[in-house]
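Please take these sequences and the hints and turn them into a complete structure.
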Amino acid sequence: MHLERDPADAAFREEVRAFLRDALPPDMAQRNLRGFHPTKADMQAWTRILHARGWSAPHWPVEHGGTGWSPLRRHLFEEECFAAGAPPTCTAAFSLVAPVLQRFGTPEQQQRHLPAILRGDTFWGQGFSEPNAGSDLASLRTRALRDGEHYVVDGQKTWTTEGHYADWLFCLVRTDTTVAPQRGISFLLIDARSPGITIRPIISIDGAHSLNEVFFDGVRVPVENRVGDEGQGWTCAKFLLENERAFSAEVPRNKRMLARLKALAAAQGLAADPVFATRIAEIEVELAALEWLTLRALSEHGSDAAGAWPAGSLLHVLGSELQQKTGALLVEALGERGVIHYDASDADHAAGITADFLYRRAVTIYGGSNEIQRNLIARHLLGP
Amino acid sequence: MHFALDEQQTLLRDSVARFVAQGGIGAAHWQQFADMGWLGAGLPESAGGYGGSALDVAIIAEQLGRGLVIEPFVEVAVLAAQALLPLQHEPPAAAALAELIEGRSIVAPALQPQGAELSQTRSGLRLSGAQTLVVGGTRADRFVVAATEGGGLSLLLLDAATPGLRRHDYRLIDGSAACDLHFDEMAIDGHQRLGAPGGAGPVIAAAREQAIVAQCAQALGVMDLALSTTRDYLLQRRQFGAAIASFQVLRHRLADMLLAQEQARATLHGALAALSAEDGDARGRAVSIAKVQSGRSGRFVGAQAIQLHGGIGMTDEYLIGHCFKRLMVLDQAQGSAAAHLATLAGRSTP
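In order, the protein sequence lines correspond to chains A and B.
Our numbering puts the first residue of the first sequence at 433, with every later residue one more than the last.
Our numbering puts the first residue of the second sequence at 32, with every later residue one more than the last.
Hints were generated in silico from the structure; no laboratory data involved.
Careful, some of the hints might be misleading.
[To be verified] In silico contact screen, one side only, chain B against chain A (beta carbon under 8 Å); selected entries:
hint, residue
1, L36
2, H283
3, A304
4, S307
5, I320
Built from N, CA and C at the ideal position, the CB exists for glycine as well.
Right under this line is the structure:
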């Protein structure tokens with residue numbers, strides 16, 4: 433065990449900071465620091481700026497356009513981007529479907545989709561959950577019937593984040609009803625503009641439109657758009673969810689939220705309140721634990737040690753619960769302003785705090801609810 | 032940055048684990064602690080130590096914790112030794128340190144910042160007041176004592192047999208031996224004071240940081256014992272015709288115990304890194320963060336371990352209550368979670 437930080441990493445952080453000072457438009461940063469959902473225009477513009485620097489997909493393998501940075505440097509990069517207020521890139525594209533394509537896709541599928549994602553040209557949406565298949569994902573019922581060189585897809589997906597931005601959807605569909613539920617699922621890439629697709633907004637409790645439901649009515653999907661073999665969809669999905677969890681501690685976001693909390697507490701005269709100061713200190717303790725757990729997970733990424741503890745689930749639970757705790761304190765610091773109805777166009781910073789707090793009720797639900805995560809942690813300790 | 036133990040660290044861990052696995056480790060084994068090099072593990076060769084780091088000390092402490100060993104390893108080999116170390120250019124400190132490392136004598140730390148006072152009277156230096164909860168003090172040959180002097184803290188090295196030094200012995204709830212020291216206007220010779228008058232504050236604070244990190248490692252070992260014991264119990268205990276490990280509410284509680292334990296481990300890593308790299312303020316914060324998390328996680332893991340055992344967890348004969356009490360004592364040592372949280376919140380100074 434050697435816990436010393438490498439001075440070269442500090443120099444790298446400086447390099448990222450310098451880049452952000454030059455490349456991140458201040459108005460874009462302002463918008464993203466408020467707490468509302470990012471706009472597609474900002475996400476796309478920022479992806480293109482990153483791509484011009486070769487940094488739009490740091491976590492991809494180098495042969496696909498990744499940067500070759502260590503997991504720690506990718507983390508530092510993300511931390512600096514967050515702190516500066518940079519919008520995210522399309523998560524569903526860069527972090528969910530792309531690793532699946534790199535692992536399970538054909539060279540043709542990779543060539544068709546990965547460069548377009550890298551450039552910020554295509555946005556993606558996730559079609560996993562259904563109205564009756566949430567935590568019990570394997571019970572999904574959207575059907576894909578083989579018809580010559582096509583599948584014909586009928587059914588409904590839901591909670592598709594930024595589905596209204598999407599050019600493509602990746603979906604889990606049932607291709608075989610005669611086998612065990614997990615073995616009858618396939619992974620399809622579906623052009624979001626195919627005839628028969630209807631995307632409807634779901635307005636979430638923050639009053640915003642980021643979620644969608646997606647209806648499939650006789651949608652024809654070429655067989656060449658299936659990733660992996662027929663019936664291998666569950667394997668792809670498990671791989672994807674593990675990936676999702678491995679980076680779900682959201683240390684950069686938690687740090688930004690804590691910084692905002694301290695600034696707000698100071699502005700509201702709460703920093704001198706011993707009770708409030710103590711609660712901020714509690715968050716600092718939890719954030720330190722989260723950060724060192726993340727550093728450990730990053731350092732062990734891909735090694736044997738990574739399998740010795742249920743890192744993904746632990747990080748997901750702690751990172752998501754901390755966001756909610758910090759968000760609640762942020763709203764509390766607003767006092768009565770915290771419950772005044774807001775509009776995303778309000779110039780007032782306070783509006784974004786309540787909106788973000790409301791939206792972040794979702795973080796303990798998505799990617800496998802925290803109850804599911806605790807099941808996984810317990811299974812690690814106790815077996816099935 | 033690399034989190035897995037290297038070969039030497041693994042050897043050290045395994046050798047301590049093997050030793051404590053024999054059970055019944057007590058005062059009679061102290062010389063063996065010395066012979067195995069543990070008492071000088073965190074001290075430089077210039078002081079007669081073995082040139083190890085705080086990490087080596089933490090590896091030893093964690094395994095002692097896992098074995099529920101209540102010997103004053105951290106108090107003597109870390110807190111007292113680290114307080115003497117910067118003053119080893121003074122012959123009495125060097126001699127005490129050498130004997131401590133060799134196990135020939137025990138130096139117990141009485142370093143609370145308040146309680147004892149050193150003052151200059153017409154008839155010379157006098158020590159008055161008291162030091163409380165001196166763990167390891169009942170067997171000590173010497174005490175390293177903090178006393179206020181002027182506006183600062185001075186450090187004294189006192190022989191246990193010094194006239195005017197009264198000892199009141201007691202046990203803590205985990206079975207460990209401790210004492211209060213009362214100083215009845217003791218006459219102090221200038222040579223009993225180490226370092227400059229009133230100048231020992233930073234030395235004591237630095238020694239406490241080292242001790243806190245080692246205590247956190249020890250608490251982590253106790254949590255590990257409590258958690259693994261509880262895990263085994265859930266798998267073996269049957270009620271309603273099934274192993275109680277099949278009940279989701281109990282599974283989730285065990286998951287929460289692991290979450291708490293891993294938070295404690297993570298902040299220990301943070302504190303260990305800070306001990307070697309950070310400056311005073313950042314180092315102090317990282318150490319306080321670890322102590323807060325260790326105290327909170329320890330109490331949670333210990334309490335839930337009892338709960339998940341049900342009635343058997345309440346019996347003195349069974350292991351799990353001893354884990355809980357040991358964790359309570361470790362939380363109290365060198366400032367409780369509550370005290371360190373107040374420090375972090377800017378409500379008090381450490």
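Provide an ascending list of the numbers of those earlier hints which the structure does not satisfy. No numbers; nothing is violated.
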